[in-house]
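A.B. asks: Given next are the chains, with one letter for each unit.
4 protein chains.
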Amino acid sequence: MRWFHPVVKVYYDMPRIEEKLIIKALEDAGFKVEPINVTKTPLPLSGIQEHIALIRAVSMFRSTYTAAVLEANGIKPINSSFTIMFSGDKVLTYSVLAANNIPIPKTMITLNGESAEKAYAEMGFPLVDKPPLGSWGRLVTLIRDWHEAKIVIEHRSMFNTPQMKVHIVQEYVKMPENRDIRCFIIGDRCLGCIYRKPSEGEWRSNVALGGKVEALENCEEECELAIKAARALKGKVISIDIFESERGLIVNEVNGVPEFKGFMRATGVNVAENIAEYIKAKVKR
Amino acid sequence: MRWFHPVVKVYYDMPRIEEKLIIKALEDAGFKVEPINVTKTPLPLSGIQEHIALIRAVSMFRSTYTAAVLEANGIKPINSSFTIMFSGDKVLTYSVLAANNIPIPKTMITLNGESAEKAYAEMGFPLVDKPPLGSWGRLVTLIRDWHEAKIVIEHRSMFNTPQMKVHIVQEYVKMPENRDIRCFIIGDRCLGCIYRKPSEGEWRSNVALGGKVEALENCEEECELAIKAARALKGKVISIDIFESERGLIVNEVNGVPEFKGFMRATGVNVAENIAEYIKAKVKR
Amino acid sequence: MRWFHPVVKVYYDMPRIEEKLIIKALEDAGFKVEPINVTKTPLPLSGIQEHIALIRAVSMFRSTYTAAVLEANGIKPINSSFTIMFSGDKVLTYSVLAANNIPIPKTMITLNGESAEKAYAEMGFPLVDKPPLGSWGRLVTLIRDWHEAKIVIEHRSMFNTPQMKVHIVQEYVKMPENRDIRCFIIGDRCLGCIYRKPSEGEWRSNVALGGKVEALENCEEECELAIKAARALKGKVISIDIFESERGLIVNEVNGVPEFKGFMRATGVNVAENIAEYIKAKVKR
Amino acid sequence: MRWFHPVVKVYYDMPRIEEKLIIKALEDAGFKVEPINVTKTPLPLSGIQEHIALIRAVSMFRSTYTAAVLEANGIKPINSSFTIMFSGDKVLTYSVLAANNIPIPKTMITLNGESAEKAYAEMGFPLVDKPPLGSWGRLVTLIRDWHEAKIVIEHRSMFNTPQMKVHIVQEYVKMPENRDIRCFIIGDRCLGCIYRKPSEGEWRSNVALGGKVEALENCEEECELAIKAARALKGKVISIDIFESERGLIVNEVNGVPEFKGFMRATGVNVAENIAEYIKAKVKR
Numbered sequence: 001m002r003w004f005h006p007v008v009k010v011y012y013d014m015p016r017i018e019e020k021l022i023i024k025a026l027e028d029a030g031f032k033v034e035p036i037n038v039t040k041t042p043l044p045l046s047g048i049q050e051h052i053a054l055i056r057a058v059s060m061f062r063s064t065y066t067a068a069v070l071e072a073n074g075i076k077p078i079n080s081s082f083t084i085m086f087s088g089d090k091v092l093t094y095s096v097l098a099a100n101n102i103p104i105p106k107t108m109i110t111l112n113g114e115s116a117e118k119a120y121a122e123m124g125f126p127l128v129d130k131p132p133l134g135s136w137g138r139l140v141t142l143i144r145d146w147h148e149a150k151i152v153i154e155h156r157s158m159f160n161t162p163q164m165k166v167h168i169v170q171e172y173v174k175m176p177e178n179r180d181i182r183c184f185i186i187g188d189r190c191l192g193c194i195y196r197k198p199s200e201g202e203w204r205s206n207v208a209l210g211g212k213v214e215a216l217e218n219c220e221e222e223c224e225l226a227i228k229a230a231r232a233l234k235g236k237v238i239s240i241d242i243f244e245s246e247r248g249l250i251v252n253e254v255n256g257v258p259e260f261k262g263f264m265r266a267t268g269v270n271v272a273e274n275i276a277e278y279i280k281a282k283v284k285r
Numbered sequence: 001m002r003w004f005h006p007v008v009k010v011y012y013d014m015p016r017i018e019e020k021l022i023i024k025a026l027e028d029a030g031f032k033v034e035p036i037n038v039t040k041t042p043l044p045l046s047g048i049q050e051h052i053a054l055i056r057a058v059s060m061f062r063s064t065y066t067a068a069v070l071e072a073n074g075i076k077p078i079n080s081s082f083t084i085m086f087s088g089d090k091v092l093t094y095s096v097l098a099a100n101n102i103p104i105p106k107t108m109i110t111l112n113g114e115s116a117e118k119a120y121a122e123m124g125f126p127l128v129d130k131p132p133l134g135s136w137g138r139l140v141t142l143i144r145d146w147h148e149a150k151i152v153i154e155h156r157s158m159f160n161t162p163q164m165k166v167h168i169v170q171e172y173v174k175m176p177e178n179r180d181i182r183c184f185i186i187g188d189r190c191l192g193c194i195y196r197k198p199s200e201g202e203w204r205s206n207v208a209l210g211g212k213v214e215a216l217e218n219c220e221e222e223c224e225l226a227i228k229a230a231r232a233l234k235g236k237v238i239s240i241d242i243f244e245s246e247r248g249l250i251v252n253e254v255n256g257v258p259e260f261k262g263f264m265r266a267t268g269v270n271v272a273e274n275i276a277e278y279i280k281a282k283v284k285r
Numbered sequence: 001m002r003w004f005h006p007v008v009k010v011y012y013d014m015p016r017i018e019e020k021l022i023i024k025a026l027e028d029a030g031f032k033v034e035p036i037n038v039t040k041t042p043l044p045l046s047g048i049q050e051h052i053a054l055i056r057a058v059s060m061f062r063s064t065y066t067a068a069v070l071e072a073n074g075i076k077p078i079n080s081s082f083t084i085m086f087s088g089d090k091v092l093t094y095s096v097l098a099a100n101n102i103p104i105p106k107t108m109i110t111l112n113g114e115s116a117e118k119a120y121a122e123m124g125f126p127l128v129d130k131p132p133l134g135s136w137g138r139l140v141t142l143i144r145d146w147h148e149a150k151i152v153i154e155h156r157s158m159f160n161t162p163q164m165k166v167h168i169v170q171e172y173v174k175m176p177e178n179r180d181i182r183c184f185i186i187g188d189r190c191l192g193c194i195y196r197k198p199s200e201g202e203w204r205s206n207v208a209l210g211g212k213v214e215a216l217e218n219c220e221e222e223c224e225l226a227i228k229a230a231r232a233l234k235g236k237v238i239s240i241d242i243f244e245s246e247r248g249l250i251v252n253e254v255n256g257v258p259e260f261k262g263f264m265r266a267t268g269v270n271v272a273e274n275i276a277e278y279i280k281a282k283v284k285r
Numbered sequence: 001m002r003w004f005h006p007v008v009k010v011y012y013d014m015p016r017i018e019e020k021l022i023i024k025a026l027e028d029a030g031f032k033v034e035p036i037n038v039t040k041t042p043l044p045l046s047g048i049q050e051h052i053a054l055i056r057a058v059s060m061f062r063s064t065y066t067a068a069v070l071e072a073n074g075i076k077p078i079n080s081s082f083t084i085m086f087s088g089d090k091v092l093t094y095s096v097l098a099a100n101n102i103p104i105p106k107t108m109i110t111l112n113g114e115s116a117e118k119a120y121a122e123m124g125f126p127l128v129d130k131p132p133l134g135s136w137g138r139l140v141t142l143i144r145d146w147h148e149a150k151i152v153i154e155h156r157s158m159f160n161t162p163q164m165k166v167h168i169v170q171e172y173v174k175m176p177e178n179r180d181i182r183c184f185i186i187g188d189r190c191l192g193c194i195y196r197k198p199s200e201g202e203w204r205s206n207v208a209l210g211g212k213v214e215a216l217e218n219c220e221e222e223c224e225l226a227i228k229a230a231r232a233l234k235g236k237v238i239s240i241d242i243f244e245s246e247r248g249l250i251v252n253e254v255n256g257v258p259e260f261k262g263f264m265r266a267t268g269v270n271v272a273e274n275i276a277e278y279i280k281a282k283v284k285r
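In order, the protein sequences belong to chains X, P, U and V.
For the first sequence, the positions run 1 to 285 when my numbering is used.
For the second sequence, the positions run 1 to 285 when my numbering is used.
For the third sequence, the positions run 1 to 285 when my numbering is used.
For the fourth sequence, the positions run 1 to 285 when my numbering is used.
So here's chain X without its partners, still in its complex pose (with noise of 0.2 Å):
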């Protein structure tokens, strides 16, 4: 019987229906639970109380400094800053995947346009072009010839952001059917997968462009490989996005503060609550 009431403080900026799902169920399991605008509140780098945080703002910048503060004040928030900001940051991500081996798109990285036109001869066209930041499939770009190449690069070389001039350069991965695969990971549980179909007149798969959810079933393989993404990017509660290539299962994204409404229509698993019976099992260790 749990007779104590540790308090869960949850880092947001703008609530989404994920956040509110949290929070209830957190309530649900017995946690005190203090939701924190992270927009209206001077983060103290000493001085904070030791609690259990978890960091949910959509911002990736925000989410990344918080959970620093956090670690500064010798807090271990789900997830770190190293997990949010190398998820976040696509580079950083593709670089932890391959350093720990981890199968990905053929890439190459080009720091402004003018290597972008070299590395896009090297490639070959189709090609996908994305910059480092940016959620919800949001410019990365599907090249196909050098007409389009070109627009791409002028319009880039424009931007001010130092990391929006950076082009990722991938291989268009070439799969079996029209789809990618995305994977829940808390802790080192996967609770499962769901297919991601882009709609009519548009090849991103992403939700936030019109994607269809199905659920995965029988998904062993595709979440022993988000697993061990999950583990190299030391994320705790994380989504995994894989490609089926012609070379078998390939790691393309990783979300850091990952949204989950689409999963649990497709799936019927209650992500919410899962994470609430991970911090519970935590916090009881």
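Keep in mind that the hints are not guaranteed to be accurate.
Note: identical chains are not told apart, hence a pair may lie in one copy or across any two.
[To be verified] No more than 25 Å apart at the CA atoms, straight line, and that leaves these computed lysine-lysine pairs for DSS-like:
1) K40 / K106
2) K40 / K130
3) K76 / K228
4) K280 / K32
5) K234 / K76
6) K32 / K228
No lab work stands behind these hints: they were computed from the structure.
The model shown is predicted, which means the values in this text are computed figures rather than measured ones.
Knowing the structure of chain X, use the given hints to seat chains P, U and V on it.
C.D. replies: Leaving out everything else, chains P, U and V in the frame of chain X:
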């Protein structure tokens, strides 16, 4: 006896005097040096041959991404992507230092202007406000009252890069003399320290802002702290800025791709040669 | 006698209370009103049918471009693209006012920070610095000394929009009382004037910054100057901000798509009705 | 015989070959020339002595603001702020041309991506999309299908400058030969016209993008249209770009601070000398 000439690749974007000195010192030490302009060369995530890699791009993101690509290839550059990124972003720097119990100025992080106002009220004037990114003291602002507070908050809110909207709010550290201290660390060794004094009409001591440098004799205590800070950031070639506060020495900033022109002038220490020696010793091991 | 109901199209982006009042007043005056959201409608350079067009987009560029498109179609909107653009960009505003011998604050334009320093030295402190673009007093800065001068120059130099790097450097106008005056002009008629007084702890009188409004009785002199300024800018619905300086009344700013909530509250004058009457009279002619 | 030497001030930011040629030609014509770097000189709104002013800053906003400041001082620069600004912003250019019944490509203005999609649907592919601001063909994009349409809309939506989010959507003008025509106007006189042909692998004819130039003999008709366009924009030194469309000659763009290196090479006409002669004739009057 060494009879082979290992290759050192020096990754740069805008070659400064420092890069030229380093390349010469490496050649004098018997290395074959290959300077690589990271803005002109696609960087593949696999297939790069093992080599000694020294990262020297002026742009923090270019340096970080170059290091990350090398790590993806199984190569450990000097410095690592972790060191460059966590030294280059001041929120992350302070987080690592504080988590390692290294004394820093009293600091609050606020993620926008609204919470910056709260932090100012709590900290009291005069205080220092700076954004996470930026070199050479740029935008490091001494705020003396609410009039200046509003100027900074309004201007900062107009920046487009998310990190630049973040305020690092710090106590204005009172110092016995108007100067700070910079120590230069290579490997586990402290090359020495210098004083930096602001020029007339400027409160910041940055050399880029006209600061004057002067060697500091008997800097054991400073070196000891600097070595601790370098270890926390896992930096192998790194400079550490120190304040003499009323409560003792505290670390103010670090630089993961350090310039050293001023340091050489003040101390007479040949930093480039020391870097070459460090790399030579590493290779022999 | 008029027995038909001409169409008035009200071009808006974010409908404020002002736009709602105008639409109602126009309908009450017997017009058929068609509100057009300019962010949702392509605007063709030819083929638009003759109609009465009132431009009310909050964004200066959206208002200017909408007016320009209508003019391409041979339609004369209220206000014209010239009025909106030259009222919206303060360098252009001051240029037109000065060229028409309308008194303005002593002003120097500098195109970057380096020449701003020279202008500050010549002008002397305290002075006012503002960028060409911006509403509601945003970035209008009172600079009291070189410390604040450097803060403003450094921050402004980091903006990416070329106009925002421009400094409008002005004398700080000494006034007998801490207030400015806003007059509202429709056609050739002055609807009246109000005082605007800054809120506690703020030197700017903008209502958006908490400024208090109060009707000004007997404002013939102010109206006379405001009508001259409106004519210089060819504005048909325009507000004019006036300072009571030691050398008499001077025009400080104008607004080509004016808000009038505060004006109505202070004076009891129904501005929306007056706009509708003005349009009705125009149609009859 | 001329026995006085009036001063011509040439306002520049980055001196190109054109500015050097102009200064030499003015000196050869007997003028005392004072080059003024507008980035280094505060520009006061009153107190500038009468002089002949030629505006030649590369930056459109610097040129516009310099002209505006001179006009505030009662000086009429070549060209005026109206000409520079309305030539430099393509929405305003097309508006003036269309309002003056000068034929232009079929064009729709859309103020964001959502309405750009509607304009694309109405216009049909292939089409041309360009932002209001930008020189040398930059971001002028040929869009062949919905895939490319989405690339452009997504990238453009990420720009921070409000004007750059605006889409000028135009028919792709079919031309008998792959070239456009540029005519150079000084005062009311046409100096001649050239063909510009795109380089291999590029559809735009801009010289900055490798376009080839060639003199056009017998260009009466082109000159006539160019003179009309110059008059509409009140330009005294201006170049006009013309398309040979199926429905006759149409004006595509104008340049209010025109480069003329390529024009001189192709035609052998000394543009700088002609500018000096024009100014001389103006002074004599």
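A.B. asks: Evaluate each hint against the coordinates.
C.D. replies: Hints and how they fare:
1. For a Cα distance limit of 25 Å, the shortest separation of K40 from K106 across copies, 20 Å, qualifies, whereas the shortest one inside one copy, 42 Å, does not.
2. Taking identical chains as interchangeable, the C-alpha atoms of K40 and K130 lie at most 25 Å apart only when they sit on different chains, with a minimum of 18 Å there against 32 Å within one chain.
3. Taking the shortest Cα distances, K76 and K228 sit within 25 Å of each other both inside one copy (21 Å) and across copies (22 Å).
4. When the C-alpha separation of K280 and K32 is checked against a cutoff of 25 Å, the pair qualifies only within one copy, where the shortest distance is 12 Å, while the shortest distance between copies is 57 Å.
5. Taking CA atoms no more than 25 Å apart as the test, K234 paired with K76 passes in both settings, with 12 Å inside one copy and 20 Å between copies.
6. In this homomeric assembly, K32 and K228 never come within 25 Å of each other (Cα to Cα): the closest approach is 33 Å inside a single copy and 38 Å across copies.
Checked against the numbered hints listed earlier, the structure breaks hint 6 alone; every other hint is satisfied.
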